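Protein chains in written order, with the working numbering: chain F, 207 to 431; chain V, 653 to 995.
I should point out that these hints are in silico values taken from the structure, not numbers from a laboratory. Only a predicted model underlies this, so the values are computations on that prediction, with no experimental measurement involved. Just so you know, not all the hints are guaranteed correct.
Stated by the list, open to error - Some, not all, of what chain F presents toward chain V, calculated at C-beta under 7 Å: (1) Leu287; (2) Leu290; (3) Lys315; (4) Ser318; (5) Ala350; (6) Leu352; (7) Asn354; (8) Cys355; (9) Leu356; (10) Asp362; (11) Ile363; (12) Tyr372; (13) Gln374.
Glycine included, every Cβ here is placed at the ideal spot set by N, Cα and C.
Listed below are the residues making up each chain.
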Amino acid sequence: MKTRLAAAGAILLLVGTPAAAHRLDEYLQATTISVEKDRIQAQIRLTPGVAVFPIVLANIDTDADGVISEAEQRAYAERVLGDLSLTIDGDRLRLRLVSSKFASLDEMKEGSGEIQLEFRADVPTGGTNRRLMFENQHQSRIGAYLVNCLVPGDPDIRITAQSRNYQQSLYHLDYMQADGRSGPRSSASWSSSWGWLGTAALLLFAGFAFVWRRARTANDAIAQK
Amino acid sequence: MSFLSMRTACSILAMSLMCLSVNAPMAQTTTSRIVSAANVFLSTLDQKQRQSVLFAFDDEKQRARWSNLPTTMAPRAGLSLKELNPAQSSAALALVSSALSPRGFQKVQQIIEGDEVLKTGGANNPLFGKDLYYISIVGTPSEKDPWMLQFGGHHLAVNITLAGERGVLTPTLTGAQPALYTLNGKTVRPLGQESDKAIALLNALDENQQKQAILSYRLADLVLGPGQDGKIIQPEGLKASAMDERQRAMLLDVISEWASIARENAATARMAEIKADIKDTWFAWSGPATVTPGSNITAYYRIQGPHLVIEYAPQRLGGDPSMHVHTMYRDPTNDYGRRLTAK
Chain F
207 MKTRLAAAGA ILLLVGTPAA AHRLDEYLQA TTISVEKDRI QAQIRLTPGV AVFPIVLANI
267 DTDADGVISE AEQRAYAERV LGDLSLTIDG DRLRLRLVSS KFASLDEMKE GSGEIQLEFR
327 ADVPTGGTNR RLMFENQHQS RIGAYLVNCL VPGDPDIRIT AQSRNYQQSL YHLDYMQADG
387 RSGPRSSASW SSSWGWLGTA ALLLFAGFAF VWRRARTAND AIAQK
Chain V
653 MSFLSMRTAC SILAMSLMCL SVNAPMAQTT TSRIVSAANV FLSTLDQKQR QSVLFAFDDE
713 KQRARWSNLP TTMAPRAGLS LKELNPAQSS AALALVSSAL SPRGFQKVQQ IIEGDEVLKT
773 GGANNPLFGK DLYYISIVGT PSEKDPWMLQ FGGHHLAVNI TLAGERGVLT PTLTGAQPAL
833 YTLNGKTVRP LGQESDKAIA LLNALDENQQ KQAILSYRLA DLVLGPGQDG KIIQPEGLKA
893 SAMDERQRAM LLDVISEWAS IARENAATAR MAEIKADIKD TWFAWSGPAT VTPGSNITAY
953 YRIQGPHLVI EYAPQRLGGD PSMHVHTMYR DPTNDYGRRL TAK
């Protein structure tokens with residue numbers, strides 16, 4: 207890895223003139239997250255800089271034949287997914303690759319080619335207030351990260367807070383969800399549901415006690431008369 | 653003189669006068685002047701060139717074919733200035749000029765001139781240069797029906813949709829490298845006002861407001877740049893409802909740097925829309941809150957409202973982030989004039 211970074215540095219010295227118009231020594235990884243009631247969808251766009259392209263390529267073109275085969279594309283996409291972590295209310299979600307699109311080798315060599323991956327995860331039913339955590343550790347030595355949440359299309363979902371670390375490799379998103387839905391339930395959601403049931407039972411009991419007490423007071427008054 | 657020689661400038665002026673004379677008997681509207689300029693430009697082309705420059709109005713691929721990258725890295729379609737003779741080139745620039753405000757056209761010229769400086773400073777690097785800017789027309793120039801004018805290349809993508817007298821400038825990308833250069837003894841900063849007005853606004857905020865406006869993380873690039881059409885991200889930073897009237901006026905002044913690239917009637921309508929939304933508009937800043945006098949900021953900022961996204965993103969590429977800037981101007985509810993052209 208050290209040798210590769212040194213090579214990247216040498217390339218940077220060669221191409222890092224004021225005339226450089228394209229990404230150089232970073233591997234830009236921009237993620238947009240879309241929150242829905244029963245799933246999270248996301249897109250990650252990966253753009254290797256010219257100087258770090260050899261490092262990235264070595265991870266994709268694993269047989270080093272100068273061609274990125276479909277199998278190598280799939281393997282790399284899964285590898286990226288393996289470096290991502292998505293949790294909801296503390297429960298880790300399984301990411302599933304939906305699609306992948308690789309720019310040509312020439313485009314990536316020039317620093318203009320993107321790799322686009324789309325993935326999704328099912329979200330278990332939970333409470334009203336939810337917390338999503340997303341972490342990207344892919345190629346962290348050269349990674350430049352962006353992560354954003356799209357404004358939810360569902361009016362029942364409202365983003366309440368976002369926070370990130372300085373590099374944007376770690377992202378927290380708090381949101382409120384107005385109603386429940388039919389996804390698989392997590393333990394957190396069950397405990398939340400039991401909480402609601404308990405509250406309802408308590409209110410019912412208080413109501414009965416109030417009615418019983420009023421009736422008893424009325425009976426006492428009649429008896430006194 | 654900027655990238656246009658005196659001779660070329662005179663040609664553009666002559667072309668503009670020709671456009672005026674085409675409809676002289678009738679009252680000239682902004683759109684009719686632009687349509688006249690488009691027809692004059694088209695009349696200078698041969699059949700093959702016309703085929704290259706004209707696209708069907710429903711050509712979504714062409715609509716989205718723009719980038720901050722040099723044209724050799726992200727190919728554009730249409731006709732480049734390199735492919736045009738001087739008369740055709742003047743007519744093309746007269747058309748672009750007719751669709752923009754004088755300041756907007758000057759900004760375009762300065763961005764292009766900057767690319768020429770980049771070329772000559774890089775031993776005539778073929779990636780850059782003032783000839784590598786493309787013009788295209790999507791649809792048929794009309795005073796009533798919608799059509800679109802595109803002009804762009806490295807660090808520039810002007811997308812103007814016209815529908816009757818209404819004009820929409822989004823999405824438009826401006827950028828500059830070098831973002832400060834000297835030409836004929838004068839210092840030029842194509843996006844200098846975007847930098848100066850924004851830092852003035854940041855400095856006009858009190859400590860508590862700055863805490864809200866300044867994000868705690870790095871932004872390496874545009875979030876909603878090329879290829880990100882239709883996306884609306886969750887806004888962040890300081891909401892303008894928490895600003896006072898003077899600060900909101902300063903925010904509007906920053907926004908006007910993009911809105912007023914368009915012709916006056918379109919810019920006025922756009923600013924009225926943005927002003928109506930201003931209390932729901934957010935201002936976010938990431939990076940140094942100081943600037944060397946006379947230079948550009950090295951911080952990223954974003955202005956986002958219900959009908960607006962502006963991003964200003966300095967780039968590390970080339971060494972000095974104050975010398976390389978990308979900016980993005982969008983209306984996620986009306987990019988490419990979708991609201992005007994929806995059937």
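Hints and how they fare:
1. Given hint, Leu287 of chain F at the interface with chain V, is violated; its Cβ is 22 Å from that chain's nearest Cβ, farther than 7 Å.
2. Interface restraint check for Leu290 of chain F: the shortest CB-CB distance to chain V comes to about 18 Å, outside 7 Å, so the restraint is violated.
3. About 11 Å separates the beta-carbon of Lys315 of chain F from the nearest beta-carbon of chain V, more than 7 Å, and the hint is not met.
4. About 4 Å separates the beta-carbon of Ser318 of chain F from the nearest beta-carbon of chain V, less than 7 Å, and the hint is met.
5. A hinted interface residue such as Ala350 of chain F counts as satisfied when its beta carbon comes closer than 7 Å to some beta carbon of chain V; here the least separation is about 4 Å, so the hint holds.
6. With a least beta-carbon distance of about 6 Å to chain V, the hint placing Leu352 of chain F at the interface is held under the 7 Å criterion.
7. Interface restraint check for Asn354 of chain F: the shortest CB-CB distance to chain V comes to about 4 Å, inside 7 Å, so the restraint holds.
8. For the restraint placing Cys355 of chain F at the interface with chain V, the shortest Cβ-Cβ distance is roughly 5 Å, inside the 7 Å limit, so the hint holds.
9. Among the interface hints, the one on Leu356 of chain F holds; its C-beta lies about 6 Å from the nearest C-beta in chain V, closer than the 7 Å criterion.
10. Evaluation of the Asp362 of chain F hint against chain V yields a violated restraint, the C-beta minimum of about 16 Å exceeding 7 Å.
11. Of the supplied interface hints, the one on Ile363 of chain F is violated, with its beta-carbon coming no nearer than about 11 Å to a beta-carbon of chain V, more than 7 Å.
12. Taking 7 Å as the C-beta cut-off, the interface hint given for Tyr372 of chain F holds, the closest approach to chain V being about 5 Å.
13. The restraint placing Gln374 of chain F at the interface with chain V holds, with a minimum CB-CB distance near 5 Å, inside the 7 Å limit.
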